[in-house]
Each structure stands twice: as structure tokens, then as C-alpha cells.
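Modelling step: build the complete structure from the supplied sequences, incorporating the hints.
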Amino acid sequence: EAGVAQSPRYKIIEKRQSVAFWCNPISGHATLYWYQQILGQGPKLLIQFQNNGVVDDSQLPKDRFSAERLKGVDSTLKIQPAKLEDSAVYLCASSGVRDRRFYRAEKLFFGSGTQLSVL
Amino acid sequence: RKEVEQDPGPFNVPEGATVAFNCTYSNSASQSFFWYRQDCRKEPKLLMSVYSSGNEDGRFTAQLNRASQYISLLIRDSKLSDSATYLCVVNNRAAGNKLTFGGGTRVLVKP
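These protein sequences, in sequence, are chains D and C. Residue numbering for the first sequence follows the numbering used here, starting at 1409 and increasing by one per position. Residue numbering for the second sequence follows the numbering used here, starting at 192 and increasing by one per position.
You may find that some hints are simply not true.
[What the hints assert, rightly or not] Computed cross-link-like contacts, DSSO-like style, restricted to lysine-lysine with a CA-CA straight-line distance of at most 27 Å:
| # | chain 1 | residue 1 | chain 2 | residue 2 |
| --- | --- | --- | --- | --- |
| 1 | C | 193 | D | 1491 |
| 2 | C | 236 | D | 1423 |
| 3 | D | 1486 | C | 236 |
| 4 | D | 1515 | C | 236 |
Keep in mind that the hints were calculated from the coordinates and are not lab data.
Listed below in C-alpha cells is the structure:
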């Protein structure tokens, strides 16, 4: 099956500029996550969608970050304006529906990520 | 205190040796636990789930200790290809399947 698609793969911008990332999850996956991974750290959840509704955005810096998942399929994450500390890899992940045998929704499939450098 | 904590390492392991490391979690309501593997400059991938009774997958063994709130991963007969960062993941289903990652433990297997 096709994996999680993300673009762009790399992005370099100057501080105070805007940037947007795109993610297309695995077909049929209801849950979509955006994670921020700073070098040397584990992924930090920014926002979690269930279909097109937000489940958790408690760690999203809402003064500069925004995300949407129109029609419950693909998603965009935007940063406006960017700061130096936003330099990180932005990972999109999706997970599937519950299977009667086991709770499959907890297996995350990650995209390759977008490496953002803010100068 | 962080929700999920791991020793960052690195654990330098001779090829063929056994290595084990733990992950502690603070939320006693956490229901399910996982180990993910992340290679350098790659995305994380699920290694194994961690069951209450402990589980084994080839050379990898995962254990859960609910009383002390930690999970462990043991790698036997280490291979060079086992060099990676191992991420502990804790799920709180009551919070809408909130998956929280630890900071990762780096393992370097050397010849």
C-alpha cells in the first residue's frame, strides 16, 4: 500500500517568513498526527486530527502555527511567522481504524518528514 | 517531570552482546505501550508492542512493569544493523489515543 506522503522534503527560510507543509495520509486512515522533532529529541505532538476534527492541539503554538485537515483526508501545517527555534523535522503520521482482532489504530505510519531550517 | 523519560545513551554495544534499557512513564492511566525504532535521518517505525505479560520477537524482548511504571527493551545477540535510536511510546486511549514519545535511547553496535 502507498505510504504517508509529505512535501516538501527540505525547506530553508529566514526568520519571520511563512512556510507550509503538506501531508497525504494512507488511504482510509482516520487519524492524522503532526509531530515536531528537534535534533536529538523524540517527536513532540503538535496536533492530532480524527477525520477532520481536532482531537488534541494542546502543544500547538497557536500564535504562529495552524493546521487544517479539510474533508478529512490530506492536511497542511503552517508556520507564520517562523522563529529560529522552529528549526526541526516536521513529521506527519496516520493510523488506521480499529480491527476486531486488535486495536490497530495505535500503529503509526510516518511520512519521511520535512526538514525545516530557519536562518 | 516529563511524561515519558528515557536514558539518551549512547549505549555502545559490542556485536553479539546483549543490551537492555528502560523507559519510565508518569501517567498511571496509560494503557498501551510500544517501542519504535528510528534510524538516522529517517522516520520512526514500529518495532513492537509491549504486552502486560511481556513479549518476544526474535532477538527483541519487551517487558512492562505497571507497578513501577516502566517498560524495557532487551536486544540479544546484537547486530550492527541494530544501531539506531529506540523510542518509547505510551498511549492514553482515554485522551483520544494520545501517543506520547520519549526522547529516545541511542544504541551503537560496534564490531
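Handout entry: Satisfaction of hint between residue 1491 of chain D and residue 193 of chain C, Cα-Cα up to 27 Å
Key = Holds: residue 193 of chain C and residue 1491 of chain D sit about 24 Å apart, inside 27 Å.
Problem - Agreement of residue 236 of chain C and residue 1423 of chain D with the hint, judged by alpha carbon distance not exceeding 27 Å - result: 32 Å, violated
Exercise for the section: Sort out whether residue 236 of chain C lies within 27 Å of residue 1515 of chain D, counting only the CA atoms. Expected result: 9 Å, holds
Problem - 27 Å limit on alpha-carbon distance, applied to hinted pair residue 1486 of chain D and residue 236 of chain C - result: This hinted pair holds, its Cα atoms lying about 25 Å apart.
Against the hints set out earlier in the document, a violation occurs for number 2 only.
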